[in-house]
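Participant: Heads up: the protein sequence lines correspond to chains W and U, in order. Count along the first sequence starting at 1, add 7, and that's the number in the working numbering. Count along the second sequence starting at 1, add 7, and that's the number in the working numbering.
Note that these hints are calculated values from the structure, not bench results. Some hints could be false.
Just so you know, same-sequence chains aren't split out, so a pair can sit in one copy or run between any two.
Cross-link-like lysine-lysine pairs, in silico, DSS-like; alpha carbons within 27 Å at most [said to hold, decoys possible]: (1) Lys60 x Lys235; (2) Lys60 x Lys309; (3) Lys201 x Lys292; (4) Lys179 x Lys201; (5) Lys51 x Lys179; (6) Lys187 x Lys201; (7) Lys309 x Lys179; (8) Lys317 x Lys300; (9) Lys54 x Lys317; (10) Lys54 x Lys201; (11) Lys301 x Lys117; (12) Lys117 x Lys54; (13) Lys309 x Lys325; (14) Lys275 x Lys51; (15) Lys317 x Lys201; (16) Lys292 x Lys235; (17) Lys179 x Lys117; (18) Lys179 x Lys68; (19) Lys300 x Lys187; (20) Lys327 x Lys51; (21) Lys51 x Lys20; (22) Lys312 x Lys52; (23) Lys327 x Lys317; (24) Lys317 x Lys52; (25) Lys300 x Lys312; (26) Lys327 x Lys292; (27) Lys235 x Lys20.
Everything numeric in this text was worked out from a predicted model, so none of it was measured.
Protein chains: 2
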Amino acid sequence: MTNASDDFNNNSKKIISIIGCGLIGQAWAVVFLRAGFNVKIYDKKRKITEHAKLGIEDKIKELGSFGLVNQHLIAEMMLNLTLENGLEDALRGSCYVQECGPEDLEIKSKLTAAIDEYTDEGVPIGSSTSGIPASSYAAEAKGRNRCLVVHPINPPHLIPAVEIVPSQWTDKSVLETASKIMFASGQTPIVLEKEIEGFILNRLQGALLTEAFQLLADGVASYEDIDKAVTDGLGFRWSLMGPFESIHLNAPLGVAQYIERYGPMYRKMFSNTGDKTDWSLALEKGLEESLVKKHPISNLDKSCKDRDQKMMLSLVQKQKGRLN
Amino acid sequence: MTNASDDFNNNSKKIISIIGCGLIGQAWAVVFLRAGFNVKIYDKKRKITEHAKLGIEDKIKELGSFGLVNQHLIAEMMLNLTLENGLEDALRGSCYVQECGPEDLEIKSKLTAAIDEYTDEGVPIGSSTSGIPASSYAAEAKGRNRCLVVHPINPPHLIPAVEIVPSQWTDKSVLETASKIMFASGQTPIVLEKEIEGFILNRLQGALLTEAFQLLADGVASYEDIDKAVTDGLGFRWSLMGPFESIHLNAPLGVAQYIERYGPMYRKMFSNTGDKTDWSLALEKGLEESLVKKHPISNLDKSCKDRDQKMMLSLVQKQKGRLN
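For reference, chain W alone in the conformation it holds in the complex:
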């Protein structure tokens, strides 16, 4: 039974179970071992689990060689890893389950039901699925109230963002516990209010990719130049400041003025796609108030200066990285 008030600051006696030991399962094991958890891994074939152990050790050692985990703790982390031969053993005493099975509705439904049977009450069962919502694979599970999607970006031990997607049945306490475990493991939990096809990471990625593919198909630019437009432009900016904060700082009077000034340009751009480009709807939902709370209009000059300093620091680090 998981205690919802636990903040997972000391994890030396806690167990996390990983079911499915492909690349994502391995990377998750690294995430939790790094945070001090005991990790039990299980896959249908012992050979896969053994292979996974080697992959996990490789990844931890590599992190160690970059100074991203303490070299002296690597041996202990590997001792905290247990290879299990049965699903029931793999789930016993666990405070959180990360399911990393195949992307197949039928397989995932059966696997979830089996996991649900052997896992202690109230313990969240998170799925790494990138596209199947819990409302479909967990519909028949007795414990569907503790099933939810916990979808990472590949590879999760190197990219912090992880989206947490409840179904209509997911208990609030389960959502909170999963978020806390992610936060305590150095991840950045992104909590969705409800399910949506593709969740949000792949929807945002898919929107940009769709445009990129179209530009390529229309012969507007080469793939290399489109990639460079992102790495040396948009991606560089977005790695330091999200899309909403970015535009709030790109008009003297903030986001509302940005939409007023550039809205027509964006609408014209996408006029032939039938896309919904009336961004002002979001303003009605309080976007401006929230952004202004973080960056008051009277202080936008200072916010821009801070942004520029962040960028300069990042440029310095980039240059150092290149020289090493």
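On the provided structure of chain W, position chain U as indicated by the hints.
Facilitator: For chain U alone, kept in the frame of chain W given last:
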């Protein structure tokens, strides 16, 4: 007259003219001064030009304080900056003109015609416009063959990507010279094959923003969580590797397999927008061949390892940045 074979490695005797001294004009001045050019700036009012000089000096000093320009060269850079009182003087002897006037078709057309009149033959006239194509503002200019869009991301002295957009009249030599000047100034030129509404930087940004606004309007996630999904997820990855390279490395058999595996998921996601999501068109245009040239399928494991190492290096630099 510009010599197209010049690679702009030694710029101490070359002049670049900046017409319009708002924030973008100031940042461009920093870009060119940093690269060793002489820079002449001009705006309609002397007061604006004088104010711009202070802004330029501030920005260069700030770069100096981060070690991004050599402190000992700052005085010289500022000596290389000339404030001009007339357009004709501002353009005399220049090898490149960066026009930073207002985003207004009529004003830009008149300004371009005037710049064209006073600028030496063959010298490229680049406009910083984010949305007005050269085919419209330069249509009536005698020298429309040397007019083109050179659109930066704000702020250009900190973000390298700059898109170069020729009109149907732009000479190839002009396009090449403009690209070389950008490259020599530390920017990353992205050369479009033809004009398109919004060019490519804002189309890519707009596609992601449109999806982000929609998610917000639909109450799927908060603006803070959407921003975090980008900074700690997609943006972090995209700052190191563009969208096409990213997906090529996210399926064991590369981009074609990625499209086969995930294409249906993305199509389902955007099925209600009428969007064109048949990514396989791009494959017919040689995307796979190009990506395989850079990352052969037989070597994808190694490419993923290289990607992970880049990420680890970036994580290390991020942590150091935070500690400073």
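Participant: Taking 27 Å as the upper bound on the Cα-Cα distance, should Lys317 and Lys201 be classified as within, between, both, or neither?
Facilitator: neither (33 Å within a copy, 34 Å between copies)
Participant: For Lys275 and Lys51, with the copy left unspecified, which applies at a CA distance of at most 27 Å: within, between, both, or neither?
Facilitator: neither (53 Å within a copy, 31 Å between copies)
Participant: If the cutoff is 27 Å on CA atoms, where do Lys117 and Lys54 land: within, between, both or neither? Let me know, please.
Facilitator: Close inside one copy (22 Å), not across copies (73 Å); limit 27 Å.
Participant: What label fits Lys327 with Lys51 when the C-alpha limit is 27 Å: within, between, both, or neither?
Facilitator: Neither way: Lys327 and Lys51 sit 45 Å apart in one copy and 41 Å across, limit 27 Å.
Participant: How do Lys201 and Lys292 come out at 27 Å by Cα distance, when the copy is not named: within, between, both, or neither?
Facilitator: Answer is within: at 17 Å inside a copy they meet the 27 Å cutoff, but 38 Å across does not.
Participant: Since the copies are identical, ignore which copy is meant and state whether Lys179 and Lys68 lie within 27 Å (CA to CA) inside a copy, between copies, both or neither.
Facilitator: Classified as neither; 37 Å inside a copy, 51 Å across copies.
Participant: Treating 27 Å as the Cα threshold, decide for Lys301 and Lys117: within, between, both or neither.
Facilitator: neither (45 Å within a copy, 41 Å between copies)
Participant: Have a look at Lys300 and Lys187 and pick one of within, between, both or neither, based on CA distance no larger than 27 Å.
Facilitator: Intra 25 Å, inter 43 Å, cutoff 27 Å: intra-copy only.
Participant: From the Cα coordinates, with 27 Å as the cut-off, is the pair Lys309 and Lys179 best called within, between, both, or neither?
Facilitator: neither (39 Å within a copy, 42 Å between copies)
Participant: First find the shortest C-alpha distance between Lys51 and Lys179 inside one copy, then the shortest across copies, and answer within, between, both or neither for a cut-off of 27 Å.
Facilitator: Neither, since 32 Å and 61 Å both go past 27 Å.
Participant: How would you label the pair Lys179, Lys117 (within, between, both, or neither) given a Cα cut-off of 27 Å?
Facilitator: Only inside one copy: Lys179 and Lys117 sit 24 Å apart there, 62 Å across copies, limit 27 Å.
Participant: If the cut is 27 Å between Cα atoms, do Lys51 and Lys20 qualify within a copy, between copies, both or neither?
Facilitator: Within one copy, since 26 Å is at most 27 Å while 71 Å is not.
Violated hints for the displayed structure, listed by number in ascending order: 1, 5, 7, 9, 10, 11, 14, 15, 18, 20, 24, 26 and 27.
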